[in-house]
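Asker: Fit chain D to the supplied structure of chain A, relying on the hints for placement.
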Amino acid sequence: DTGVSQNPRHKITKRGQNVTFRCDPISEHNRLYWYRQTLGQGPEFLTYFQNEAQLEKSRLLSDRFSAERPKGSFSTLEIQRTEQGDSAMYLCASSLNGGQTKLFFGSGTQLSVL
Amino acid sequence: KNEVEQSPQNLTAQEGEFITINCSYSVGISALHWLQQHPGGGIVSLFMLSSGKKKHGRLIATINIQEKHSSLHITASHPRDSAVYICAVITGNQFYFGTGTSLTVIP
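Top line first, the protein sequences correspond to chains A and D. For the first sequence, position 77 matches number 77 in our numbering, and the numbering has no gaps at all. For the second sequence, position 45 matches number 45 in our numbering, and the numbering has no gaps at all.
Okay, chain A solo, but in the shape it has when bound (with noise of 0.2 Å):
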């Protein structure tokens, strides 16, 4: 399969807990997203990779989220400290550049932060 995978599927964990998820895009891809979505509403951008740079953070990113892409291939999402309302989805996304260029999207990584 060559689409986007993300791991895990789901999470559990308890608050105040450090979780990572991990995204690999298709492999020719340059550009890889971060988004978060909840319950009944669309995905909210957090973050962009244009290869293995980090061009761009969404304002909902806190200082307890990171991101990396070390070799501009996989890329891997760290949360901090989990608060109850980290729980969502979390989408990753890739395309070849951006602008008008097709959005592959990963089946999500469900956080549930008990």
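Calculated from the structure, these hints are not laboratory results. Just so it is clear, CB atoms sit at the ideal spot from N, CA and C, and this is done for glycine as well. Take the hints with a grain of salt, since some may be wrong.
[Stated by the list, open to error] Which bits of chain D does chain A cover? Going by a derived footprint, with three or more residues having C-beta under 8 Å, they are:
hint, region
1, 44-57
2, 95-102
[Unchecked claim] Here are the in silico distance ranges between beta carbons for each label pair:
hint, chain 1, residue 1, chain 2, residue 2, range
3, D, Glu15, A, Pro70, 47 to 55 Å
4, A, Ile26, D, Ser50, 20 to 28 Å
5, A, Glu83, D, Asn64, 38 to 46 Å
6, A, Ile12, D, Glu67, 41 to 49 Å
7, A, Glu56, D, Glu67, 27 to 35 Å
[To be verified] Below, simulated BS3-like cross-link-like pairs (lysine-lysine); rule was C-alpha separation at most 27 Å, straight line:
hint, chain 1, residue 1, chain 2, residue 2
8, A, Lys71, A, Lys102
9, D, Lys53, D, Lys68
10, D, Lys55, D, Lys68
11, A, Lys57, A, Lys11
12, A, Lys57, A, Lys14
13, D, Lys54, D, Lys68
14, D, Lys53, A, Lys102
15, A, Lys102, D, Lys55
16, A, Lys102, D, Lys68
17, A, Lys102, D, Lys54
18, A, Lys71, A, Lys57
19, A, Lys102, A, Lys57
Answerer: Frame of chain A, contents of chain D only:
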């Protein structure tokens, strides 16, 4: 205020009906996507438009750049079309998403 507004929020249709979902946006865009999200969460890009109209099977998407409006039409709707349809616009390097239209097609 959301940059992207969709209507209706929820839509129930009988199998075979013609369906229209609308999207209005308030920012200048370089392109607009229509996405389909199934209950498991997976999102598929249906169309990317910067002008005019595109057709794929029973799906048709149109965009009017001057009016900042796009529509997604489904002809001869089928229960397997039941999903959330999301409009997303690209401005600069940012994507802005609508909250989605939840479509249920009843056999």
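Asker: If you check the beta carbons of Glu15 (chain D) and Pro70 (chain A), does the distance land in 47 to 55 Å?
Answerer: holds, 49 Å
Asker: Take the C-alpha atoms of Lys102 (chain A) and Lys68 (chain D), compute the straight-line distance between them, and say whether it is at most 27 Å.
Answerer: holds, 20 Å
Asker: Does Lys102 (chain A) pair with Lys55 (chain D) here, judged by a C-alpha cut-off of 27 Å?
Answerer: holds, 16 Å
Asker: Against the 27 Å threshold, does the CA-CA distance of Lys57 (chain A) and Lys11 (chain A) hold or violate the hint?
Answerer: holds, 23 Å
Asker: Are there at least three residues in the region 44-57 of chain D whose beta carbon sits under 8 Å from a beta carbon of chain A?
Answerer: holds (count 4)
Asker: Can the restraint linking Lys57 (chain A) and Lys14 (chain A) be considered satisfied, given a maximum Cα separation of 27 Å?
Answerer: holds, 26 Å
Asker: At the C-beta level, are Ile26 (chain A) and Ser50 (chain D) separated by a distance inside 20 to 28 Å?
Answerer: holds, 22 Å
Asker: Within a Cα-Cα threshold of 27 Å, do Lys53 (chain D) and Lys68 (chain D) meet the stated pairing?
Answerer: holds, 14 Å
Asker: Taking 41 to 49 Å as the hint, is the beta-carbon distance of Ile12 (chain A) and Glu67 (chain D) inside that range?
Answerer: Since the Cβ atoms of Ile12 (chain A) and Glu67 (chain D) sit about 45 Å apart, the hinted range of 41 to 49 Å holds.
Asker: Please check whether Glu83 (chain A) and Asn64 (chain D) have a Cβ separation lying inside 38 to 46 Å.
Answerer: Since Glu83 (chain A) and Asn64 (chain D) have Cβ atoms about 42 Å apart, the given range 38 to 46 Å holds.
Asker: Tell me if the straight-line CA distance from Lys54 (chain D) to Lys68 (chain D) falls inside 27 Å.
Answerer: Holds, because 17 Å separates the two Cα atoms, which is no more than 27 Å.
Asker: CA of Lys55 (chain D) to CA of Lys68 (chain D), is that 27 Å or under?
Answerer: Holds: Lys55 (chain D) and Lys68 (chain D) sit about 20 Å apart, inside 27 Å.
No hint from the list above goes unmet by this structure.
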